[in-house]
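Participant: Sequence:
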Amino acid sequence: MMSHHKNNSLKSLAAAALAAAVLAACGSSPPAQFYTLSAPSANVGAVRAQGPQTFIEVMPVAVPDRLARPQLVVRSDAAKLDVLEQERWSSPFNNELRDALASGVAARLGAIDVSRSGRPADQASYRINVELRDMDAVRNDKVQASFGWTVTRSDDRKSAVCRMTVVEPVSGGSAGDVVLAMQKAVGNVADAIAANVRALQTGQGAQCAG
Numbered sequence: 034m035m036s037h038h039k040n041n042s043l044k045s046l047a048a049a050a051l052a053a054a055v056l057a058a059c060g061s062s063p064p065a066q067f068y069t070l071s072a073p074s075a076n077v078g079a080v081r082a083q084g085p086q087t088f089i090e091v092m093p094v095a096v097p098d099r100l101a102r103p104q105l106v107v108r109s110d111a112a113k114l115d116v117l118e119q120e121r122w123s124s125p126f127n128n129e130l131r132d133a134l135a136s137g138v139a140a141r142l143g144a145i146d147v148s149r150s151g152r153p154a155d156q157a158s159y160r161i162n163v164e165l166r167d168m169d170a171v172r173n174d175k176v177q178a179s180f181g182w183t184v185t186r187s188d189d190r191k192s193a194v195c196r197m198t199v200v201e202p203v204s205g206g207s208a209g210d211v212v213l214a215m216q217k218a219v220g221n222v223a224d225a226i227a228a229n230v231r232a233l234q235t236g237q238g239a240q241c242a243g
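Each residue of the sequence shown is one higher than the one before, counting from 34 in the numbering used here.
If you are wondering where the hints come from, they were derived from the structure by calculation, not from laboratory data.
It is possible that part of the hints are untrue.
[What the hints assert, rightly or not] Just the calculated beta-carbon pair ranges, DEER-fashion: (1) Gln86 - Ser109: 45 to 55 Å; (2) Ala232 - Pro64: 39 to 49 Å; (3) Gly236 - Ala112: 42 to 52 Å; (4) Val147 - Lys217: 22 to 32 Å; (5) Ala65 - Thr235: 42 to 52 Å; (6) Gln156 - Asp115: 20 to 30 Å; (7) Gln86 - Ser207: 38 to 48 Å.
The beta carbon of each residue, even a glycine, is placed where N, CA and C say it ideally should be.
Can you build the whole structure from these sequences, using the hints too?
Facilitator: Shown next as structure tokens:
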């Protein structure tokens with residue numbers, strides 16, 4: 034009788050071990066990798082202008098629907114897009130892009146982004162509305178992105194309206210290579226927006242690149 038119970042126990046343990054092994058095998062897909070569009074601060078020369086503090090307000094960025102997701106999206110040929118399930122942004126792409134532009138423009142101007150906190154009542158700010166009109170990322174080829182934006186000064190309502198297409202080479206076939214090219218493209222746009230803010234600060238006409 035004892036032997037019968039012992040055999041049943043061994044069979045149960047063996048079945049449990051087999052089930053655990055099957056579950057482990059099913060869950061053995063590679064872990065997700067997470068990326069950011071914000072360039073390292075060491076790559077951006079922050080300049081604190083003399084005079085009053087500059088305040089910027091970067092609004093939510095409009096992006097094409099196919100890109101408004103946490104996964105990286107790359108083009109594999111003229112008609113096909115690949116959504117990379119294991120290669121993800123640290124937040125949905127539209128949020129990632131807004132944060133990268135806000136931090137990039139703020140660093141270039143030595144400005145404070147008051148989009149979420151509000152600016153002092155007696156200080157002018159520069160409201161920045163950006164639209165990503167299109168972006169294609171191709172491994173071993175290039176990232177091409179078309180942006181449009183407006184910068185509006187809060188006190189006198191003077192504004193700049195600009196469009197820009199940026200192209201950055203992708204040096205390899207990995208997701209990291211694509212992300213690096215995207216970071217450079219966004220950095221170019223941050224340069225142009227920061228230049229618009231400087232022009233509005235000094236009363237000059239805004240010059241739009243590309």
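Participant: If a hint holds in the structure, say so; if it doesn't, say that too.
Facilitator: Evaluation of the provided hints:
1. Gln86 - Ser109: 45 to 55 Å: holds, 47 Å
2. Ala232 - Pro64: 39 to 49 Å: At 46 Å between Cβs, range holds.
3. Gly236 - Ala112: 42 to 52 Å: holds, 49 Å
4. Val147 - Lys217: 22 to 32 Å: The hinted range 22 to 32 Å holds for valine 147 and lysine 217, with Cβ atoms some 27 Å apart.
5. Ala65 - Thr235: 42 to 52 Å: holds, 46 Å
6. Gln156 - Asp115: 20 to 30 Å: Roughly 46 Å apart at Cβ, these two residues miss the hinted range, so it is violated.
7. Gln86 - Ser207: 38 to 48 Å: holds, 41 Å
Violated hint: 6 only; the structure is consistent with all others.
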